[in-house]
Structure formats: structure tokens, C-alpha cells
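Based on the provided sequences and hints, a complete structural model is requested.
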Amino acid sequence: MKKSVIWMCLLMSTFLFAQEKFSVSGIIKDKKNGETLLGATVYLKGTSNGAVTNEYGFYSLTATEGTYTLVVSFIGYETISKEINLTVDQTLNFEIKEASTSLETVVIEGEESERVNIRKPQMSVAKLNAATIKLMPVVLGEVDVIKSIQMLPGVTNGGEGSAGFNVRGGAADQNLVLLDEAIIYNTSHFFGFFSVFNADAIKDIKLYKGDIPAKFGGRISSVLDVRQKDGNSKNLEVNGGVGIISSRLSVEGPMFNKKGSFLVAGRTSYAHIFLPLIEELKDDKISFYDLNLKTNYEINENNRIYLSGYFGRDIFDISQFIKNRYGNTSANLRWNHVFNEKLFSNLSLIYSKYDYEIILDFVKLDWVADIENFNLKYDLRYYASDKLKLDFGVSGITYDFNPGEVRPSDPSSSINFRKLDQKRAFEAAAYISAEHELTDKLTAQYGLRFSAFSRLGGQALANYANDQPLVYNEEIGIYEEGEEISTTDYKRSESIKTFANLEPRLGLSYQLNDASSVKASYTRSVQYVHLLSNTVSVTPLDVWAPSGRYIQPQKSDQYAVGYYKNFSDKKYSLEVETYYKNVANRIDYIDGSDLIGTNNIETEILNGEARAYGLEILFRKNEGKFKGWFAYTLSKSEQRALGGNAGGPGINNGDWYNTPFDRTHDISVTGSYDLNEKWKFSANFVYQTGRPVTYPNGQYEYEGLSIASFDERNANRLPAYHRLDLSAIFTPSNNKNQRWQSEWVFGLYNAYARRNAASVSFTQDFDTGINEARRLSIFGSVIPSITYNFKF
Amino acid sequence: MAKHNIFTVLLAVLITFVSCDDKIDVDVPEAPPRLVIEASLDWQKGTTGNNQTIKLSTSTPYFDTTLNTDVSGALVRVTNNNSGAMYTFTDQNDGTYTINNFVPVLNDSYTLEVIHNGETYTATETLTPVTPILSTTQSLEGGFDDEVLDVTILFDDPADEENFYFIRIQEEGDLFADLETQSDEFTNGNVQEEFFEKESDDEDETVEYNPGDTVNIRLHGISQRYYDYVSLLIEQYYSGGNPFAVTPAEIRGNCVNETNGENYAFGYFRVTEFDEVTYTFQ
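Residue numbers (our numbering), protein chains in the order written: chain A, 1 to 792; chain B, 1 to 282.
Calculated from the structure, these hints are not laboratory results. Every residue, glycine too, gets a C-beta built ideally from N, C-alpha and C. Treat the hints loosely; a few may be bogus.
Computed footprint of chain A on chain B; a stretch qualifies when at least three of its residues, placed anywhere within it, have a C-beta under 8 angstroms from a C-beta of chain A [said to hold, decoys possible]: (1) 26-34; (2) 102-113; (3) 176-187.
Some chain A residues near chain B, calculated using beta-carbon distances under 10 angstroms [claimed, not checked]: (4) 406; (5) 595; (6) 651; (7) 686; (8) 696; (9) 708; (10) 764.
Here's what the structure looks like:
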């Protein structure tokens with residue numbers, strides 16, 4: 001109660017002083033291709049009055065009546081200024097020019113323009129643009145958004161060949177991955193080797209590791225906000241590339257008499273073209289492709305419509321054995337409307353789907369599963385005054401989970417048709433958030449998100465004896481399925497279970513001096529959908545499940561403080577952050593749980609909790625021939641699950657144990673060097689403490705085999721992971737003025753041929769009967785690559 | 001030829017991602033030894049089932065190669081809970097305990113009692129019947145690889161109940177058997193088809209099944225609890241540590257230490273009926 005009074009006072013105070021002021025607003029674009037720019041700074045010279053453009057390039061600032069010099073700046077672009085006479089509200093659009101005209105302008109930047117960076121309370125965020133991502137050395141020449149963010153402190157993944165990424169010790173399903181606002185459920189191709197984002201279609205990405213703004217919700221670990229390019233609104237432009245694994249082609253250009261633009265980008269791997277050449281593999285097919293689409297139309301100065309879409313697919317056909325197809329589909333229709341200089345709005349209708357199909361020829365089984373959602377959301381931003389900006393909005397998401405359907409793949413199959421329960425749910429949210437300059441030095445960002453989730457009916461659910469879907473068998477010391485005593489039939493219109501939560505978000509920044517500041521934040525977030533996965537790595541076959549009668553929503557509280565400093569006229573910057581978070585209701589899986597084809601998942605899980613804490617240091621060199629950063633993370637991530645309602649000690653005797661995402665030390669170094677107009681070099685180095693795993697602590701003979709007995713869960717570790725990657729970019733001639741521009745990218749992944757263990761398996765040699773440990777290295781040697789990129 | 005080589009290399013890159021698998025030295029933790037009870041009372045169809053053996057041993061550190069783990073001097077006894085008949089097994093002083101007058105009765109419940117070092121271990125299990133193997137055939141087309149021989153057994157699954165099967169197949173001359181489990185979860189009431197094939201090995205063609213090879217196949221009817229136990233055991237045996245495998249864990253059987261619960265035993269007391277075929281590839 002008290003809190004809300006203070007909050008109201010803060011708001012009121014600003015409105016009271018917001019008189020005699022006028023606003024200037026508009027859109028900032030790139031002069032060359034007309035792309036709107038996110039994060040460009042607009043400020044009034046000689047004042048502390050500034051604004052940063054939003055996702056649609058829109059800015060608005062308010063000041064008392066007078067004459068000012070308005071300055072527009074953006075790292076990597078030429079700064080422009082203009083005299084303005086602020087006597088009425090006005091609209092000023094700007095187009096700014098890239099500072100260097102070379103094909104690959106290297107822009108490694110902080111979250112925003114540095115001037116505001118220090119002041120803004122937003123912390124734990126990293127922004128990378130496509131040019132930065134493209135410069136990093138990558139495996140087999142495939143530019144990879146997900147791999148590039150792993151170079152940031154606090155971001156790791158399970159190693160080569162594992163999908164997704166982990167932020168601050170969180171699981172992969174706790175990341176909200178958005179492509180033009182649409183939820184992407186699976187971020188990788190080839191079971192984790194490549195990301196689904198085609199860098200040619202991407203404008204920039206923003207990763208929130210904590211301090212998540214109130215407008216985002218539904219996932220507790222991070223938000224990865226990937227924005228597609230709008231398309232060149234000035235000229236027709238073609239970009240393409242030919243690599244070892246895939247080829248890319250994108251076409252963009254103006255439409256509707258330059259009132260709009262479009263972008264179509266495609267990428268396909270072509271291993272399948274070569275497979276028929278090998279006798280043994282002639283019937284096999286392994287490939288992936290994706291298609292990105294975006295178009296926009298400016299109805300008038302205050303109304304703009306965007307349509308974007310994505311379709312991606314992976315295809316694995318190993319003849320006589322397995323056929324597997326999976327991928328994401330998404331579409332988003334948006335309407336930007338500027339009510340006036342102070343009020344900007346966006347309405348989005350978003351669709352996304354992830355589905356997969358597996359046909360196992362040898363058992364004549366056909367298995368399909370999918371998750372689908374529609375999302376309607378309305379976001380507004382009100383530039384109340386030079387000291388206060390408000391974000392508010394509402395959203396509603398409908399979910400349809402189809403966890404699995406088994407069909408016989410031909411008439412002679414002994415498989416019976418079976419469909420697991422289709423599950424439906426609705427998630428609604430409303431939020432309001434303020435960015436408020438309290439004093440010259442102190443700025444706050446405070447907000448509140450209200451979220452509600454309803455698991456809808458349409459099926460019968462099992463009831464268990466003593467309300468225990470899982471029961472501890474004291475005698476043998478294992479968890480067993482509870483006894484099903486009856487079922488309750490829920491109508492489609494009925495809600496099985498409804499949850500509602502308030503999610504406060506708070507951030508503070510205090511400016512120590514011109515070059516340094518301290519920030520603190522608190523974020524509560526709630527996650528209602530869960531990826532069920534009891535394997536070490538996330539696989540494309542894992543299914544999503546909604547919260548409901550037996551699964552509680554995950555709730556996270558994260559606290560973070562940080563120190564930020566710019567050195568030598570912003571040439572260098574230092575960011576140090578430390579965080580602590582705890583997660584309630586993290587699902588944990590009993591020993592030997594079986595999730596595949598299990599309808600009543602509640603008989604395989606316990607309700608657990610997780611906690612993570614760490615220290616992150618990021619030191620960057622932002623300008624000059626040599627640019628790059630050094631990132632170090634010291635962290636801990638643990639979980640535990642007590643027996644609770646099921647009785648017994650819980651998993652791992654109820655003790656805290658390492659999550660698979662725990663990395664004590666994580667060092668990432670990335671750098672690039674511009675030798676001359678023709679040559680550019682870059683390098684990455686990564687060192688990580690080995691992934692926690694469970695090793696055997698003994699063996700015994702059973703059925704003539706040597707059976708391993710196992711230690712406590714995740715009590716051991718794989719050997720440390722480290723790797724060096726190198727790349728060189730060669731631009732054949734100084735072809736800036738030619739229409740056809742091209743470059744060659746040469747890469748060496750795993751340059752010193754480290755055999756990093758993706759796993760260590762313990763097996764018995766079938767000839768000698770002796771036990772041995774075997775290391776599987778996905779990349780056991782240096783992986784060279786060559787890619788040719790062009791543009792006209 | 002050169003071109004072909006490039007494609008081969010490219011493919012190797014694409015498909016296997018130049019993954020490599022090698023043997024390494026790993027320090028593993030060492031747990032104190034536990035008693036292992038391998039009490040498998042298996043009754044072959046068409047026999048009396050009078051002769052049965054129970055094995056007792058201890059667990060050792062994982063990489064230990066001294067296999068002298070026999071446990072002698074224990075008292076081993078099985079009771080039929082329906083008839084009250086009691087069977088005491090004779091210590092052979094080599095870790096095995098045998099009997100020659102055991103009387104198996106389908107669907108009867110049996111209790112095992114082992115007394116070792118002053119601690120009493122007990123377990124109870126029901127003799128689970130099995131349907132007979134209908135036929136055994138060989139082919140090239142079945143299985144994963146069309147160029148390698150495979151053998152298929154057929155058997156009828158009873159529709160009115162949940163059934164669980166344990167299958168053991170061993171080629172004559174092989175050191176180890178292959179173990180598999182099967183449930184009728186997706187195939188209730190249908191004719192069950194189970195094929196076996198050995199992976200071909202370019203260096204050694206004798207690895208796969210060849211004409212003249214003889215295999216022994218046993219189909220056991222098992223309880224659901226044993227199915228859960230042995231399925232996990234098999235899964236962990238063949239895939240321990242694989243990144244897409246379930247996190248491995250200690251596998252707890254049904255032998256309970258009544259004296260000191262913490263000092264539980266590994267292994268299982270199973271009572272099954274089985275059908276057996278011996279098949280020679282043509």
C-alpha cells in the first residue's frame with residue numbers, strides 16, 4: 001500500500017512540473033538504405049535532455065520553450081546537429097550516414113550510445129548488430145547469432161551440438177527468444193550446430209540477462225529480442241553468400257513508390273545434393289532451410305504497417321531407419337501509430353508454431369507433435385516529460401500444445417494409434433513501467449506486470465490416491481507412479497486451473513561522474529510454460545507443457561548490482577555486474593524418468609527449486625583498428641527437489657546439486673583487427689569449466705555384463721572446454737564505388753584442434769570385457785571454412 | 001577420383017562433423033562395495049524348472065579388473081507365499097547358490113531371503129507367464145541395414161492385460177548377450193515382432209550375422225517393476241554419458257536390507273517364465 005502511494009506521488013510530481021514545455025519527435029533512419037535505427041541518441045546540446053530511439057526508430061523529447069541545438073548521434077554514424085526553435089510541438093525525421101563507407105563497417109557498441117548508457121537504469125543488457133555478429137569467426141562459415149551471444153559474460157551453452165543457450169545459470173527453456181516479436185521455440189538447425197537466424201535478414205539483437213523490462217514476460221531467465229531488417233527503402237539491394245554448408249540470398253528494395261520496402265531472404269544447406277554421390281548414402285537426405293520475409297508500408301507520417309514472417313525446416317532422412325522433420329513457423333502483423341509527439345503505439349498480431357515429425361521405419365511408427373500460439377498485444381509509450389517516460393500495454397496469448405500423436409506408418413505395423421492429451425491454455429498480461437529521472441544523478445525505472453494464466457479443459461484428467469501422482473517407495477527407495485483412482489472430465493469452456501501473479505520490476509542508476517555510474521535492479525518474473533527435458537542436452541523432440549493442476553508456474557527473483565565506467569574518452573569501457581537469483585517451482589525429473597509418450601507427466605516429476613549467483617566482468621575496446629572485448633564470469637548454478645507431497649528425501653537425497661548449466665569459470669575473448677582496406681582479421685577464445693556430469697562410482701556384474709553404479713547427480717565434471725577460432729576477411733579490390741561488392745571469409749574453427757569432450761561415456765569393451773571411458777568430441781580437429789559474400 | 005574424395009571429405013565434415021571418439025583416462029569416484037544379488041529364477045516352457053541358481057557378489061571400483069567378487073557363506077532361501085513351500089539353496093563356495101527341487105507355479109508369489117554378514121535382505125516377486133515364440137525367421141530387409149542379416153521372432157500379445165517382456169539374445173561364441181525389453185504400451189493385443197541385427201563392421205565381417213551363425217533367443221514374461229528396473233539398466237549400460245541420454249542414476253532393485261536400510265543390495269529377485277529358440281542362419 002505504502003509503495004503504491006509513493007509511486008503515485010512520483011508520477012504526480014512530474015505531471016505538475018510538466019508545464020510550459022514542448023516536444024519534438026520523429027524517426028531516425030539510415031541514409032543509405034532507409035532502415036530505421038534502434039538505439040540512436042537524440043539530445044539537446046548543453047542540457048541533460050536526451051532520448052534514445054525505440055525498436056521502430058522513434059524518439060520523442062520534451063523541453064521548456066527555447067532555442068536549442070539538437071544533436072543526433074549513433075555509434076558508427078556521422079553525428080548531425082540542427083538548430084531548433086522549440087515553441088510548438090513538432091516532428092523532425094532524420095537520416096544519418098554511416099561514418100565509414102566500407103562494406104563491413106565494424107561496429108561494436110555498448111547497449112546504447114555511451115552518453116546515455118551511463119545514465120539509463122537499464123542494466124544486464126547487451127546489444128549486437130548484424131555487422132558485429134558477422135565479423136566473429138564461426139564454425140564452417142555459418143554466421144550464428146546464438147554463438148555470438150555466448151561470447152558475452154553470463155551466457156554459455158552445452159557445447160557443440162547442443163541446442164539453445166543458458167543465461168546466468170538458467171535453462172534453455174527459460175529464454176524468451178523473439179524474432180520480430182514472435183516466440184521461437186527451437187533456436188537451432190542440425191540439432192544445435194547452427195542457429196535459425198539468417199544474419200542477412202537480421203538488423204540487430206538485444207539480450208536481456210536480467211532487469212527485464214515490464215513489457216516482456218513469460219520466461220524467467222532472459223529475453224533475446226531479434227529484429228529483422230525492414231528492407232532497403234531507397235534502392236534494390238541483393239545480398240548473398242556461398243559457404244561450405246549453406247548458401248544465402250536476400251533481396252530487398254523499395255515498394256509502393258518508396259512508401260514501403262520489402263525483404264526476402266532465404267538460406268539452404270546443400271549436403272543433400274552431394275549425398276547421392278556416395279553409394280551408401282544415396283537414399284539419405286540431411287538438410288535445412290529457412291525463409292525470412294518482411295515488408296512495411298507507410299500509410300502516412302503517423303501510421304505504418306509491418307508484416308514479417310519466418311519459416312524454417314530441418315530434414316533428416318536416413319533410409320530404412322528414421323525420417324525426421326522439424327521447424328518453426330512465425331508471422332507478425334504490426335501497426336505503428338503515432339498519436340502525437342508524446343504518444344507512440346504499436347499493435348501486433350503474432351503467430352508462431354514449432355512442430356516435428358519422426359518416422360521410425362524399423363518399428364513402423366509415425367510420431368508428430370507441435371506447439372502453436374497466437375498473440376495479440378498492444379504496446380504504448382508515453383513521453384510524459386523530459387524526466388518521465390511511460391511504457392504500458394496489454395497482451396493475450398493462446399497456446400495449443402499437442403505433445404504427441406503416434407500412428408502406424410504402414411498397414412503391416414503393429415503400432416496402435418494413440419494421441420496424448422492435447423492441452424490448451426491462455427496467458428494474459430498488462431503492464432506499466434516508468435523511466436523516471438529523479439535527480440540529475442539518479443534515474444529510476446520501475447514497473448509492474450500483471451500476468452494470468454489459465455489451463456483450459458477439453459479432456460479428462462487423472463486423479464490419484466491421496467492426491468499423489470508420484471509416490472516414494474520407502475522400502476526400495478525409489479519414486480513410483482501413483483495409483484490412478486478416477487478421472488475428472490473438464491469441458492472445453494472450463495478452466496482447469498488459473499494462476500495470477502504480480503511481477504514488480506525495479507532499476508536504479510546513480511551517476512558517479514561523467515564517466516561512471518552504479519546501477520541496481522530487481523526483477524520478478526513468472527513462467528507458465530515448461531520444456532520437459534530430462535536429457536543432458538535439449539533435443540528437438542522435447543515437448544512443452546503448460547502449468548496446470550500438477551505443474552506450478554516457475555517464479556524467479558533476480559537481484560543485480562553493477563558498476564560501469566568509460567575510459568579515455570569512451571575508447572574503453574568496463575562493466576562489472578553481480579547477480580543473485582532464485583527460482584521457485586523448477587521441474588525436476590526422478591531418476592530414470594520416462595518422458596517420451598507419457599501422458600501423465602506428473603508421475604515422472606517433482607517440484608524443485610533453483611538458485612544461481614555470479615560475477616560478470618566485461619572490458620571492451622570500442623574504437624580503433626583493434627576492437628574487441630574480454631569477458632569473465634565466475635558463477636554457480638544449483639537446483640534441488642525435495643520429496644514434498646510424494647514423500648521421501650527427493651532427488652539426489654534432497655541435496656542441492658549442480659545444474660547442467662553450472663560453469664565456475666567462463667572466459668570469452670573476442671577481437672578484430674583492421675589491417676588495411678583489404679584485410680580484416682578476427683579471433684575468439686573461449687575457456688569454460690567442464691559441464692557437470694554424473695560419473696560411475698563402481699561396477700557390478702549382472703546378466704554377465706558390467707553394470708555401472710552412479711555417483712550423486714552432476715557431482716563430477718567433464719574436462720575443461722577451451723577453443724580458439726580465427727578468421728580473415730578479404731575484400732578483393734577497393735570496390736566501394738562499384739555496384740558489385742564482394743568479400744571472402746576464411747575461417748579456422750578450433751584452431752589448435754582441441755578435443756573438447758561433448759560427453760564421456762562409460763562402456764565395456766565387447767571383445768575384452770574391460771571397462772573404459774570414451775570421449776566424444778564433436779570437432780576433434782581444426783575445421784577450416786571458406787565463404788564468399790556478395791552484394792549489389 | 002579426386003573430386004569424389006573432396007565430396008567424401010565434405011560429407012565426413014557434414015555428417016559426422018569430424019567428430020571423434022577416443023579412449024581417455026578419467027578419475028572416477030569410488031563408492032564402498034555393496035552386495036549384489038542376481039536372483040533370477042527363470043522357468044523354461046516345457047521343463048520342470050527344478051534347477052535354479054542364485055549368484056551373490058560385491059561391487060568393485062569402476063575400472064577394477066580383478067573380478068574375484070564372489071560372496072560365499074550366505075544363507076539363501078526362497079519361499080512360495082501361496083503354498084508356504086520353502087526352498088533353501090546350497091552354497092557352492094564360488095558365489096553361486098543352487099537348488100534342484102524348486103517347483104515353479106505361474107502367478108504365485110515368491111519371497112527371497114538372503115542372510116549375509118548378519119544382515120537380512122528380502123525381496124518378493126510374482127512368477128510372470130509368457131506367450132510362446134510363434135516363429136523365427138531371417139531376412140535382409142528387416143532391421144536397420146539392408147545388407148546385413150537379421151533375425152525376427154513373432155509372438156502374440158494378450159490384449160486383456162498390460163504385458164512386459166525381457167529378451168536376451170546371444171550368438172554362440174560371443175562374450176556378451178544383447179538385452180532388450182518390450183512393453184505393449186503402443187502395440188497392445190497385436191502380434192509382436194522383434195528383430196535383432198548386429199551392426200556391420202567394415203574391418204571385421206564376422207561381427208554381423210552370417211550364414212552358419214547360431215543364436216540363442218530367450219523371451220521372458222516379466223513384472224512391470226522388473227521392466228522398469230531392467231529397462232533403465234539396459235539404457236544406462238548402452239548409452240551412459242551420451243549427451244541425448246537421460247542423466248544416469250543409481251538403479252535400485254527390489255532387494256531390501258531389513259537390518260540396515262542404507263546398506264541396500266544391487267541386483268534383483270526376478271521370477272519369470274521364458275520361451276527359448278536356437279536359430280542357425282541359413
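Results of checking the hints against the structure:
1. 26-34: Check passed, 7 qualifying residues.
2. 102-113: Three-residue rule not met by the segment 102-113 of chain B, so violated; n is 0.
3. 176-187: Per the Cβ count (6), the hint holds.
4. 406: 6 angstroms, holds
5. 595: With a closest approach of 9 angstroms, the residue 595 (chain A) hint holds.
6. 651: 9 angstroms, holds
7. 686: 18 angstroms, violated
8. 696: 4 angstroms, holds
9. 708: Holds, because the Cβ-Cβ distance from residue 708 (chain A) to chain B comes to roughly 6 angstroms (cut-off 10 angstroms).
10. 764: 8 angstroms, holds
Taken one by one, the earlier hints fail for this structure at numbers 2, 7, listed in ascending order.
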